[in-house]
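*Asks:* Chains as they are written, first to last, in the working numbering: chain F, -5 to 350; chain U, -5 to 350.
All copies of an identical chain are treated as equivalent in the list; a pair is satisfied when it fits inside any one copy or across any two copies.
List time: in silico PhoX-like cross-link candidates among lysine-lysine, alpha-carbon distance up to 25 Å: (1) Lys112 to Lys333; (2) Lys214 to Lys201; (3) Lys343 to Lys143; (4) Lys112 to Lys329; (5) Lys47 to Lys201.
Rather than coming from a laboratory, the hints here were simulated on the basis of the structure.
In this text, all values refer to a predicted model and were calculated from it rather than measured experimentally.
2 protein chains.
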Amino acid sequence: MQATKTRNWNGVIREFQEFLPKVKDDSVVTLREGNTPLIEVLTMGELFERGLKIFLKYEGLNPTGSFKDRGMTMAVSKAKEEGSHAVICASTGNTSAAAAAYAARGGLRAYVLIPEGKIALGKLSQAMMHGAKVVQIQGNFDEALIIVKEVSMMYPVTLVNSINPYRLEGQKTAAFEVCNHLGFAPTYHFLPVGNAGNITAYWRGYKEFKERGVTDSLPKMMGFEAEGSAPIVRGHPIKNPETIASAIRIGNPSSWENAVKAKDESGGIIDMVSDDEIIYAYKLLAREGVFCEPASAASLAGVIKMHKKGIFKNGDTIVCTLTGHGLKDPDTAIKSSDKPITAEPELGKVVELLGF
Amino acid sequence: MQATKTRNWNGVIREFQEFLPKVKDDSVVTLREGNTPLIEVLTMGELFERGLKIFLKYEGLNPTGSFKDRGMTMAVSKAKEEGSHAVICASTGNTSAAAAAYAARGGLRAYVLIPEGKIALGKLSQAMMHGAKVVQIQGNFDEALIIVKEVSMMYPVTLVNSINPYRLEGQKTAAFEVCNHLGFAPTYHFLPVGNAGNITAYWRGYKEFKERGVTDSLPKMMGFEAEGSAPIVRGHPIKNPETIASAIRIGNPSSWENAVKAKDESGGIIDMVSDDEIIYAYKLLAREGVFCEPASAASLAGVIKMHKKGIFKNGDTIVCTLTGHGLKDPDTAIKSSDKPITAEPELGKVVELLGF
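Just chain F, same shape as in the assembly (with noise of 0.2 Å):
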């Protein structure tokens, strides 16, 4: 009898290889990141007409929890090829844990950069199980990007923040399994923006695959920053950038101006969404069963937003990128979600509790 077929999946380098940058294959860094599935929103309560197919990329279920995985199976990939024993970034949070875990499979030494008290609890317990070298910053995100650069260029050691030109080129490959799984490209992209290499890799996958014939159309790329967080959208960096959304708590983006021109080419916009927006958003994905971490959640909370501005028609193909899991970031779940309540094990008291 012939059950159900099922693959191990082998990873973005050599599923997408004919799309990507060579990589001898024994230099190949992977976790079998990728294939990350596309959920349905189902009601989401009245707030969107039936008409309107929304699905969320939920890139959380990448090996270490968020989509950053596919940009650095790439850059560990091509540093240990040119024979490279190390690699360093600055992060939020998400780029450490795939830069340590990386490198930890690939046999390199990461070191890594983070804004002091600013990166959620699982990222940094990412970074540190995976054995990195983790220097906590007294300053931001953008502060430790720039020293992460003059160290790479002074000694060995290869930068794999995203200007390490292979890291897009991972990250585009999420852009083609969205057109894969959909059968076709969606009539609209959302994700938050941050450092911005995001949108930057999607409208690069989106516009490869309608080069080769494999879609006929290109979503239109929709962009949300963090209201304390906004620099494209006020058109200047902002020195001292504040949000809940700590993965994109960012005030002066590497991908500024590749973001700006994906929006152009596509007719899309980048705008952006309060805290309270994107918390709302994030407890509504809860309630439909998906957690995503908050930053993940401006996609949605930018749904609603065009929405209230009904630029949506029926029959409309949404997708919203979900960056990373929630349980990178359990103390923002915590405080978001109503208290537990105690109890001694006895049966008419827990009864009583739970109110039946």
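Since the structure of chain F is provided, determine the placement of chain U on it from the hints.
*Replies:* Chain U only, in chain F's frame:
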């Protein structure tokens, strides 16, 4: 041009329907769980000889971060099909996270009982965010289980602990995937044993694939309890089980008899490992880039213990189930790692600290 074809995985009920109890399609509650990767162990230093092939079934990449999703999609879908409006469970954390998420997805209420102060932070955040009614019991898992069993008999609420028969049906699909990914059944399958449902479910899955002619051999089932919480090994329930591996801190397992049967029928063993051995394996996995929760590492700790006894032969294929993602328990990760260093955002100081 033809691009690599990837498709959107449909979740275990729809993918393996010929092997599972029937569910009406409009009752299926899914987050597209399953299809988790099988990741090769690369070296583990000098621990293992090269002829041994060890694979990690990385169940932390299910939607809620643990293998429990496979059973919960079945249990909640059947509850919905039967007209139930609420589910209840006792949990050391992973079950409550899955119950809360799938109940939210299906539009059912969830009630969860957890041992106070004894579940990992990530898991607590999940139950809370997904809107479950959470009661922390001043007692242990075993006491909580007795209470929820009684509540489910007295009130209209479906019990979704693993004594719910649909749970293990869903969980057996992990064995199907292992066989599909390898192309054959492994020689040995190692896994942690807590409530003993998973070893029971895997064994059922392996047997069904062989009966239907998909595979032509069966693995030896190798279950490992934690030393301070090892009722099956010691031959009697443990009143106050203790271990750092909170997910398997269970003194009176529901599937005790079936676990022993799986061991006996397969010619395997049920043994135990110490907390030190668990933490050693936990760190070793992270140094290969794979972050799991402490309980998960009991499987690899078991492999190390058996390797010392010399039971493996050249060419043996060993699969270890890693039951949950490391992000479930950030506190244990941080306690098990070197502390980060703190520095002013100044190039010279950072270079010095990094040791260049």
